[in-house]
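Engineer: Listed below, chain by chain, are the residues.
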Amino acid sequence: MIFKLSKYIVVTDVLDPNSEKQQRIIFSTRSGISALIEDAVYQKLQVGDFTGLGNNVLSRFMDYEIIVNNEEDEFQEILKLNKLGVKDTKSVSMTIQPTANCQLGCFYCGQVHSKQTMSADVQEKILQRLIYQLDRQRDTELVHTTWYGGEPLMGYSAIINLSNRMQEIARDRGLAYGAYMITNGLSLKKDIFTELYLHHKITRFQITIDTVKEHHDKRRITKKGESTFDIIMKNIVEICALEHYQARVKHPIFIRMNVDESNYQHVTEFIDYIVSLGLKDKVEMGFFPISNWGDKNAGDEQGLTTNEFAELEIEWLMYMQEQGFTMEYILPLRNYDVCMVVNEASEVYDATGNITPCYEFPYTPKYEDKKYIIGNLLEDESTYNNKTQVRGWYDDLATCNVSPKCSKCNLFPVCNGGCPKDWYNGEVKCPTVKANIEDKLVLQYLMDKSSLKTLM
Amino acid sequence: MNASIIADYLKQFEDYAPEPPKEADSSAASSNSNKFDNGHIFYALLEYIIRELPEREKHTYCYSLSQKLLRVCQSKERNVATYFVNKVEEQYALLNEEQALEYHALRSIFNPVMAYYHYYLQHDYERAEGYMLGLLENIDYLIGHGFLDGMYMKIEQYLNTARVYFNAGQYDKSARYARVVMQYLLSSGKETFEFPFSEVLRSANQLNSILALFFNGLIFKALAKPESGAFFRNDFLLAVFREMDISFNEMMEPATRDALAILLRISEGEEEEGLEMALDTQIFNEKVPASMRYFVLTALLHHNNAGDLLPEPLKNNIRLYQEKELGLTASQINVLRPLNAIV
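Line by line, the protein sequences give chains B and Y.
Taking our numbering, the leading residue of the first sequence gets 1, the next gets one more, and so forth.
Taking our numbering, the leading residue of the second sequence gets 1001, the next gets one more, and so forth.
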């Protein structure tokens, strides 16, 4: 048998050219494991010379998929594993949109909102669907819900009813239950937070604040044009002051910043603002590039390029670290699923009863076609389409029907194509990590040397 | 025996307080370095093959495959496991029995994990049995070839075979394998194996660590399954441990020997004598396997309802001792013997 250096690796430059030890970081995207190696070793790996490696190192490199069987078509092997791995999921995940309503009229949002809230019939059908999924997935250990909208808190009574019933179903089967919520934060008063956090096991509230007040209030405004920054921040500050705020998890609130060319200069200012409020140990923060959604092309119109965003992201991460934020692991993980769309145990239920594989489809005119919709909960199951376009992502990749670039990309195992929907739409948009993975490797190394498995 | 005597004896748990979690320290690693770690044995086998045969990369690849399959089995990724099972089967197909060392060595690496896959993920005991029995032949070949550390694989394989038969409800077969290996481990001689265990043992610590693993594996399993015998008169345990005609290994912890004698006395129906022995010996220390301490403690609490005489704080301490010192979870305690019914 002949062996080769995997093509699914990322290698940094020599970390310190002036040092006696000329070391690089090597990151295997097939295993998601990074390691320090000496430059001389790397040079030999590149030419397929493994003779200088000790037995232990050779064994680890094979374990980490850095050295692989030469006969393997690596891309096809990864796809094979992905398809199998997705079936090994241990959770049934539901994204539930209890309402199609939202107070806000953000310019980049692709949804068309209405006053429709989820009926009791649809709620009952969701519970039946959950039982069906649990019966089908025999290894399930967790029932997980993401409450999403519109603005989910505008469908509060449906949340409470469904959550109580789903927790009961999970309890009866000896399964764990957990939940997240994606909310604009306007109605998230401290009493509501307390109820949802303590009794409905929502342990992550994602709230979008588009940097400082001046910019947030230009874009995340109500449909009547009213500003929202002060109300949302007041809610966050009051919630973070609650005695039980960190009773379940360290960071129940995640602040998301949608960034484009109009507000990127204010990200650090907003970080300073959060620090000044004493929230740096209470909230987690993340930055996301504005992208196209449905018929709204905000990404094309005023989004940053991938390279621009990637460069800025590293600066912001470093700035947050300097300000003393607890930094999470920033390297991409090796997952078998690209996102929820390839996992049959993961579905989105909207207020009308529609079942979709992707949370960007509901209420979005661009995705009203049948090829995007699995079915409607109020209809007979025989009418369901279990082969919606995006569900076939891995099969289509295997035959190179879409996204031929992916098969040639060394980051594929930790990206799996990023967003299948975009590829099917003909949009070629790789995640920003493609442009800053080497910087992230170094930053992660500096942040926490112990998180790397040092080999030599 | 009067219950109050037992209650007095159990006062030793009055001062019991669980130790705070120990901080990791570098010296701990060296003091535990002789503990039994079966993962190292497979790596030792890989190094042996590499020394003896060409194609280092191929053999390392095979070892790596087996480790990957083991990990996904442990995390119950049954679909991903099929991917690695197929890869392993490809390698089986390439083996040539005439190249005997490679044949037996690679089968020794693959067979245990394939047996584990069929046993743990597929609950297919017959296929698991096939891999295990084949493995015993492979290991014997390797030992004969000079890989003496293969004895560690052999003893573990006997325990695994006993486990598989036990889970399949074949208690007699299970007890036969268990008895053979326990006789060997407890004895100073070679019994039915190739050489005395002391020839490969690194230290007394290592022997006692192995004994704890084996005793606990068998005793807890038996006590948790009433079909294998009554709790205090367990036919399976008697079949494994009764009347072993051996001279005990001198490196064996004396208190463990005492605990075994007490367990046998009680199991043979001589409860009074067994408990008197328990009162006269010092078996409630960390050197004695947890399963034995658990058994004797349960017997003490049960005898003439001695547990009822204990004050509440002492009962709590005993429960804490079972959880923290014997390493049992509340649910394990309940599966083994509902403690609430005792204290």
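Think of the hints as simulated: they come from the structure by calculation, not from any bench.
Take the hints with a grain of salt, since some may be wrong.
Sample of chain Y residues facing chain B (criterion: CB under 8 Å; computed from the structure) [to be verified]: (1) Y1063; (2) S1064; (3) K1076; (4) T1082; (5) F1193.
Please read all numbers here as calculations on a predicted model, not as lab measurements.
Beta carbons: idealized from backbone N, C-alpha and C, even for Gly.
Engineer: Against this structure, judge whether each hint is valid.
Structural biologist: Going down the list of hints, with the structure as the test:
no.: 1; hint: Y1063; verdict: 6 Å, holds
no.: 2; hint: S1064; verdict: 4 Å, holds
no.: 3; hint: K1076; verdict: 6 Å, holds
no.: 4; hint: T1082; verdict: 7 Å, holds
no.: 5; hint: F1193; verdict: 29 Å, violated
Hint compliance for this structure: hint 5 alone is broken.
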